[in-house]
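Sequences listed follow chains A and B, in order.
Start counting the first sequence at 375; every next residue gets the next number (our numbering).
Start counting the second sequence at 36; every next residue gets the next number (our numbering).
Simulated from the structure, these hints should not be mistaken for lab results.
Don't be surprised by glycine CBs; every beta carbon is placed ideally from N, CA and C.
One side of the interface only, derived from the structure: several residues of chain B facing chain A at Cβ under 7 Å:
{"hint": "1", "residue": "Met65"}
{"hint": "2", "residue": "Phe70"}
{"hint": "3", "residue": "Val83"}
{"hint": "4", "residue": "Ile88"}
{"hint": "5", "residue": "Cys266"}
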Amino acid sequence: MSLDYREKIEIEQLRSIEQQSQVLTIRSQPASSFEAFLRQRVSQSKLQPEFESALDQAQHWFRTLLLGSCLLAGLAGMFAVVQAVSGAGTLNVFWVLMVLLGFNLLSFVLWLLFTFVLRTPASSPLVSIFMPCLNWTIKLAAKEHYSQYASKTWLHIQLSNPQGKWFIGRVVHSVWLSYLAGGFIALLLVLMTRQYDFIWGSTILDQAAFQQLTAYLSFPMDVIHWPTPSIDEVVASQQGLNEMSSTLRSSWAYFLLGCLLFYGLFPRLAAWVMCRVLDAVQLRRFSLNYQDPYYLALKREWQPLSGQGHILDADSRGQPHQSLQKTKQSLQALPSEALYLGVELPNLLVTRVSSQLTTPVMVNVVNKDTTDQALAFIKNSVVSVVFLVNANKPPDRGTLRLLQSLMPKGKKYWLGCIEDGAMRIASENTYAQWQEQAQMLSIQPQHCVLLQSTDDAHD
Amino acid sequence: MTNKQISLPIILSVVGHTNTGKTSLVRTLMRNCDFGEIDNRAGTTRHVESAQIFLGDKAFLELRDTPGLEDSVALAERLQALTSAHLSGRDTLLTFVKDSANKKEFDQELKVLNQILISDIILYVIDCREPVLEKYLFELRCLSMAAKPIIPVLNFIEKSGNHKTEWRKTLADFNFHSLVEFDTVAFSFDAEKRLYRKFQTVLEPYYALLETFIQQREEDWLALRHACIQCSSEFMLAVSKIQVTVDTTTADKNAEVEASARLQNTVRVKEKEQLGRILQLLQFSADDIQYANVPIKDGRWTLDLFAPEALKKFGIDTASAAATGAAIGVGVDVMLAGLSLGTATLAGAILGSSWSTGKRFGKQLLARYRGQYVIGLDQPTITLLLARQAHLLDALFHRGHAAQQQLMLGDDKVTKLDYSEPLQVLKKVQNLAVSDDEELEADITQVLNNWFTTVTSA
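Working from the sequences, and respecting the hints, build out all of it.
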């Protein structure tokens, strides 16, 4: 089952805690899918009570903060209405409208501008101010570091693009809605309990313009048969004319309330719904970046690329012993009068060694033919026989058998282990094994020598 | 293709002479440096050990690491003695492994033969540093008797003076044309892919499954590479942002030295942490690397408040923040029922500009006010860090899990790469003292990612 956005946010919060502090230890368990594995990790972290509250803290704070802001805004709206209508028995309709809706309209236009026109960077001016403020609040409020990490992550996801602008829109419209709702209620109560005369007046605009403006403003209200003042009533309300009838007062009162509804509350409500929906849609589109090193490591934990099996056929003989090592000597350590035979030496090494010895290497034993040739040399030889082997290559049973077959009785044998300069690192390790082999072949320990060729010594 | 033909996992016997790198091959394919034991003594592996490579959550390949064939000449002679007209090569092997009399002399070889008889593919590992000897040809003859596909794997091909050509020729003489070059120490994913492609040619019923497997391995490898590169880019971004304040107002003459030391330590700690992350991702151990400290020499680069890009960015941000400030100011005006007559709008615009300035350059301005200054990393150090990261990534991407030689991460690795692009963006980070500008950071990370990708795939 795929993850819903709430789970994804919690997973990201957990990631933030795990990456920035070592307080959380989660024992992973097998899961049918990677998503299930991640979900399970969140559940496991929540088993530790302090972490459950850490993951939910930011959301809780946000709700409280928003509720508080809305309450304050509602009260401010009421206060604004009371301020606008207090003191006089006669209200200038357009001045009241300007006070109640003018700045709402300006702020609405700015929101539209930031959201739909200044798309690049989409919401950064707003986010760049909101984010540090809220981060600072989180720092003050959260006692533990991990709570701060989790809360900041929640906030970051909510505010980051592309959902950030809708989230901010939601918050802004909620506050403005509360403000306008507070103002509407207050205005309704004031108009229900007190009697006002409504007038309008202008120095610059003429009568026709005002009539036209009122007609335009009344249009949506007329559609649903909301009571609005007629042209004659607008004319009759001009400042300095006759006293107002109760019907005219009622028409203006309805007009004022209607304007607040149609040009204040309804657009804000529509914008709020839109932001709410788009925020939810964007949040649902929010995805975890499985290419990120953190998730890649978790994926490995969930499903390793490889698994170590077990020993299918155990060793029944145990490891051989290792003898002591010896220091390297030059080729001059070998007897000068001797028969030199290579045993599975690389050709280059044979050539190099031959040039440094008093007598060249007679044959390099690599197959049956060379074995026969070597045996013939050995049988006819009266001097010591020196087997030259590659000290970088460890001996094996095959080499042992080969050497045994080359060692008829009655001769003196040496084992010269030549270090190949190209693979120097290995030689010291394998020399001990050659010493073991020499023992098994009954070659005297002092006749088993580790040699360094001249070329190598110059390296 | 029927289900009966396909059974998973595909069993691969990894065989060869002693010390040719059989366990190394398994380690490298598994990306696990803990599998088995690697040593230079003959017959380090004296048992048969299995390891699985997964496709999804199922074991897809089972690699069976076997002991080395130590005495193939004697083995071949014994098998030759058993061969008769009515026995096939496979039957000869079966007769040989059933005979308990052979247990003592050919204990290791029997373990190998037992495995090859039940395997789907035999991987014959060859140490190309070794010349072609007769005993190796005997090994191939013995293995061929199992009547299973054999894929020779030429190992240690990156070593100078290897006998690769000689081996290729000999194998061709023996009709082994489907071989693969795969150095277990100098890893290449392409070589690994070629190895799997060989499996496709010899195991036709598994063709489609192997294709899926290859794709998954490739995706995993690319994702891993990307994650490592991302780590390096984030690290470079983080160290470029480090700022340390030097207090020149106090009588302490060592203030600058201390600040510089603090800066150096912070960078070193971060680099070590970064190293740990990369090693963990690629499943290497800390022993794989020998770390030498970053030689941050003078370590000082006084941040320039008036760098052209800083001023440019400053201007742009001031304008946008002023607009935001105005929006907030309007809110305040409304709360006051418009009675403030727009004063808050103006105040908001000023506040917005100040906020932006403070956020970008607050630390530096405050430091200047207090008679201090801020230092960050100098360009040579950043270049060196970039070079070391590039070297680290490149070396680890081409390191087999069997490699025994430690990788040196020293200060002598400023190779001839073109650092202009990453240096340019990192200098921007330093000049702007970026803290929360995520979009800019994402852009810079992308530039760094591209650069690391280019230099590590070269």
